[in-house]
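Peer 1: In case you want the letters, here they are:
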Amino acid sequence: MSGRSVPVWITSLAFIAANLGAVELIGMAASGAKYGIMTAHFYWLGAIPAMLFMGIFMMPFYYGSKARSVPEYLKLRFDEKTRAFNAFSFAVMTIFSSGASMYALGKLLQLVLGWDFTTSVLASAAIVLAYTFLGGLTSAIYNEVLQFFLIVLGFAPLAILSVQKAGGWAGIMARLPANYTHAWRYMGSASENPMGVELFGMVAGLGFVLSFGYWCTNFLVVQRAMAAESMSAARRTPLVGTLPKMFLPFIVILPGIAALMLSKMPEMHYSLPLSANGGPDYTQALTTLMAKFYPAGILGLGMTGLMASFMSGMAGNVTAFNTVFTYDIYQSYIRPGADDRHYLTVGRVITVVGVVLSVFATYVATRYNNIMDLLQLVFGCVNAPLFATFLLGMFWKRSTANGAFAGLTIGTGAAVLTLCTTVAENNGGWLAHWHQFPSQMAQNFWIAIIAFSTCFVISVLVSLMTTPRTDKEMEGLVYGLTKVPHDATAKWYERPAPLTALVIVLLLILNVWFR
Amino acid sequence: MDLRVPSGWFFTLVGLILIGWGLFAPAELQRADLTTTNVNLYSGITMLVFGVFLLLLAWRAAARSNA
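First to last, the sequence lines map onto chains A and B.
Under our numbering, the first residue of the first sequence carries the number 92, and numbering increases by one thereafter.
Under our numbering, the first residue of the second sequence carries the number 7, and numbering increases by one thereafter.
Heads up, some of the hints might be wrong.
Each pair of labels, with its calculated beta carbon distance range [what the hints assert, rightly or not]:
(1) A:Thr209 <-> B:Glu34: 30 to 38 Å
(2) A:Gln255 <-> B:Phe30: 37 to 45 Å
(3) A:Thr395 <-> B:Ala67: 26 to 34 Å
(4) B:Gly26 <-> A:Glu358: 31 to 39 Å
(5) A:Thr395 <-> B:Trp65: 23 to 31 Å
(6) B:Leu63 <-> A:Tyr570: 33 to 41 Å
(7) A:Trp206 <-> B:Pro12: 27 to 35 Å
(8) B:Pro12 <-> A:Leu599: 46 to 54 Å
(9) B:Glu34 <-> A:Arg458: 58 to 66 Å
(10) B:Arg37 <-> A:Gly279: 42 to 50 Å
(11) B:Asn72 <-> A:Lys172: 54 to 62 Å
(12) A:Ala523 <-> B:Leu63: 58 to 66 Å
(13) A:Ser280 <-> B:Ala68: 52 to 60 Å
(14) A:Pro357 <-> B:Arg37: 17 to 25 Å
Anything over 12 Å on all C-beta distances counts as not near chain A; from chain B, calculated [what the hints assert, rightly or not]:
(15) Leu62
(16) Trp65
(17) Arg66
(18) Ala69
(19) Asn72
Hint data in this document are derived by calculation from the structure and do not stem from the laboratory.
Just so you know, even glycine gets a beta-carbon here, dropped at the ideal spot from N, CA and C.
Could you put together the complete structure from these sequences and hints?
Peer 2: Now the structure itself:
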């Protein structure tokens, strides 16, 4: 990280680029093919409002507090055990995230080189290990912005060509079932739309819990804004980032919908490959589409862009796993006070362990026909309860360490219990079969809602029964005890309020258009 | 470092390569199953334009900070 001197346009692009790697690209196209244009809510409903909230309300705490990671903030605001629990669940999350990337990269190698899946996965694991040891994370921000441009310029032609071939948007709307091309109209009841969620599940699950949980507590993302040149620039980072963000569905989701349309047109000779359990493997929508539309030349460029993005994404997760495990768990609890060389060696061993665990996670990923379903499940179990803890910690000074710890552990437990007692497609329900969800994504949304609510309620109840810390101890950590800057003298486009108003108007137009 | 300079050169160069490939490479090397559009040529032009645009922005910023 290059200190606090990076211009806003770069931090803003890095902010959204941190969330636009190859696995998101492939996952969003997969979701487009599986769930239709409702997938755009991952951007419109599931990112923009949270990014605005992040910039306006939460950034002052992050930029102002001395915390350099989420576990560290929890330690300052609450206590050690809350931090330890979060460090552990964060470590699990990074393993599944890098496992999901490794799975998708393995599938790509399998498609391009014709290797079998195990060889492909082991090859991608070796690549990640080499990349991480060679220090592939230096100047991560610059890398990410370049990759962002490459993804937009390299995949926009695919969106244009595939939608055109599928008969244009009007043609797709005329021939696909209407619930694949309307983002809002069929959300009255879960049975009417391909995602199987009703308005409440969508707005509360995705629009509130998952999205705010992801954008406000995910430090891989928040870090990008911390590199900005000033507090005002850090606050503007997510706000400016929303402008390109809201148009990304046209590049990342439309190809998936076009792939679905093309697979229903026999004259195109295009079909989605089959997944392990017999249905279409949506995860491969984007790559198979590339193979059909891109000639040698741009095909190589696109593949290179994808692989570079996979590597940096996985390296980012493995490095985060290493950092959290070495500093927040090993150095804090297992062996404090050793010399730096010892921790460096431990870090290297942990990196190898992280890659090996990721390989196991790829075999969990094979159970999912859409890689995005798995990622959102992990976010639902880890980020959703954490967001309740953060919300209370930042905005309610009465919340206590014991309250936070009880809420976080029981909330995460509730998420896992929901997964083990409900069934969606062929996953979940290992303990009991209390409920059947129409889709994996619907299950994810409800897991997130249950985890958040449980954590919130338990935290409040336990906090009320335990003694809070004094105001003095919580300065800079809680709303009301922290100075929030006012940028009244800046130019209008540098102030949060007018910028937010502009974003909201554009967002409304897009939603009305695709209603 | 101004990020616009390396990104600008990158896209200018990649754009030129794709344009050259799109114009001069034999057609049988450039076939795609589902399209007859010269994807290499048009993507190359877009990348070239974007690369030059980034370089212009960077040079203008450099000129301004020198003045």
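Peer 1: Hint by hint, say whether it matches the structure.
Peer 2: Evaluated hints:
1. A:Thr209 <-> B:Glu34: 30 to 38 Å: Roughly 35 Å apart at Cβ, these two residues keep to the hinted range, so it holds.
2. A:Gln255 <-> B:Phe30: 37 to 45 Å: Check failed, 26 Å falls outside 37 to 45 Å.
3. A:Thr395 <-> B:Ala67: 26 to 34 Å: 29 Å, holds
4. B:Gly26 <-> A:Glu358: 31 to 39 Å: 34 Å, holds
5. A:Thr395 <-> B:Trp65: 23 to 31 Å: 28 Å, holds
6. B:Leu63 <-> A:Tyr570: 33 to 41 Å: 39 Å, holds
7. A:Trp206 <-> B:Pro12: 27 to 35 Å: 34 Å, holds
8. B:Pro12 <-> A:Leu599: 46 to 54 Å: 38 Å, violated
9. B:Glu34 <-> A:Arg458: 58 to 66 Å: 41 Å, violated
10. B:Arg37 <-> A:Gly279: 42 to 50 Å: Since the Cβ atoms of B:Arg37 and A:Gly279 sit about 47 Å apart, the hinted range of 42 to 50 Å holds.
11. B:Asn72 <-> A:Lys172: 54 to 62 Å: About 56 Å separates the Cβ atoms of B:Asn72 and A:Lys172, which means 54 to 62 Å holds.
12. A:Ala523 <-> B:Leu63: 58 to 66 Å: For A:Ala523 and B:Leu63 the Cβ distance comes to about 60 Å; the hint holds.
13. A:Ser280 <-> B:Ala68: 52 to 60 Å: 59 Å, holds
14. A:Pro357 <-> B:Arg37: 17 to 25 Å: 21 Å, holds
15. Leu62: 15 Å, holds
16. Trp65: 16 Å, holds
17. Arg66: 14 Å, holds
18. Ala69: Holds, because the least Cβ-Cβ distance between B:Ala69 and chain A comes to about 17 Å, which exceeds 12 Å.
19. Asn72: The claim holds: B:Asn72 sits with its nearest Cβ about 18 Å from chain A, beyond 12 Å.
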